[in-house]
Amino acid sequence: MRYLTVTMCLLTVAACGRSSPTSPSPVDTQFTLGPGFTQAIAGTDAKLIFISVPSDSRCPANALCITGGDAVVRFDVTNEGRSSTHELHTGDMRPVKARDLTINLVEVAPYPFSTTPIPPGTYRVTFRVTR
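The sequence shown stops at residue 170 when you use the working numbering, and every number in between is there.
There may be inaccurate statements among the hints.
Below, computed lysine to any residue pairings styled on SDA-like, alpha-carbon distance capped at 20 Å [unchecked claim]: (1) Lys86 - Gly130; (2) Lys136 - Glu146; (3) Lys136 - Asp84; (4) Lys136 - Arg97; (5) Lys86 - Gln69; (6) Lys136 - Ser123; (7) Lys136 - Ser91; (8) Lys136 - Pro159; (9) Lys86 - Thr155; (10) Lys86 - Gly73; (11) Lys136 - Ile157; (12) Lys86 - Asn118; (13) Lys86 - Arg97; (14) Lys136 - Thr117; (15) Lys86 - Thr141; (16) Lys86 - Val135.
Because the hints were derived from the structure by calculation, they are not lab data.
Input sequences plus hints: build the corresponding full structure.
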């Protein structure tokens, strides 16, 4: 039984390789990515790659804070043959312009708790790309 459990865990990890979704996301829809994942944007040659959450100071759900804090989301955009790195912040939610596209941060998950650190690979970020 233990051998079967270990085998299933290894197969699950192998199946979660970092790759692009099978179809491009239409402009003006939301999509969620894990670190290292890429999303092509339909109707363009643009691709968005979620790199990491290098900083997360959001107020934990089980704490009382004076300010809400900020999570920083770092990502790359390849558009019209050019690549650029950008950051979005939950503290101000201002979008980023990458050539003819506007990239908005919709959500950063999971939400922090003071008793549980968030492993970097478990972050999931929801983006919205518009023209």
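These are the hints, each one checked on the structure:
1. Restraint check: the Cα-Cα separation between Lys86 and Gly130 comes to about 25 Å, which exceeds 20 Å; the hinted pair is violated.
2. Of the supplied pair hints, the one linking Lys136 and Glu146 holds, its CA atoms being roughly 18 Å apart against a limit of 20 Å.
3. Between the alpha carbons of Lys136 and Asp84 the distance comes to roughly 16 Å, so the proposed pair stays at or under 20 Å and holds.
4. Taking the CA atoms of Lys136 and Arg97, the gap is about 24 Å. The hint is violated against a cut of 20 Å.
5. Distance restraint check for Lys86 and Gln69: the Cα-Cα separation of roughly 14 Å lies within the 20 Å cut-off, and the hinted pair is therefore satisfied.
6. For the given pair, Lys136 sits about 11 Å from Ser123 by alpha-carbon distance, which is consistent with the 20 Å threshold.
7. Between Lys136 and Ser91, the direct Cα distance comes to roughly 19 Å. Compliance with the 20 Å bound is thereby established for this hinted pair.
8. Restraint check: the Cα-Cα separation between Lys136 and Pro159 comes to about 26 Å, which exceeds 20 Å; the hinted pair is violated.
9. Taken as a hint, the Lys86 and Thr155 pair is broken in the structure, with Cα atoms around 33 Å apart against an allowance of 20 Å.
10. With a C-alpha separation of about 14 Å, the suggested pairing of Lys86 with Gly73 holds against the 20 Å cut-off.
11. Restraint check for Lys136 and Ile157: the C-alpha separation of about 29 Å exceeds 20 Å, so the hint is violated.
12. For a cut-off of 20 Å, the pair hint linking Lys86 to Asn118 stands: about 7 Å separates their Cα positions.
13. As the CA atoms of Lys86 and Arg97 are separated by approximately 28 Å, the hinted pair breaks the 20 Å bound.
14. Proposed proximity of Lys136 and Thr117 is supported: the alpha carbons are some 12 Å apart, at most 20 Å.
15. For the proposed pair Lys86 and Thr141, the alpha carbon gap of about 13 Å is at most 20 Å, so the pair holds.
16. Of the pairs offered as hints, the one joining Lys86 and Val135 holds, with about 14 Å between alpha carbons and a cut-off of 20 Å not exceeded.
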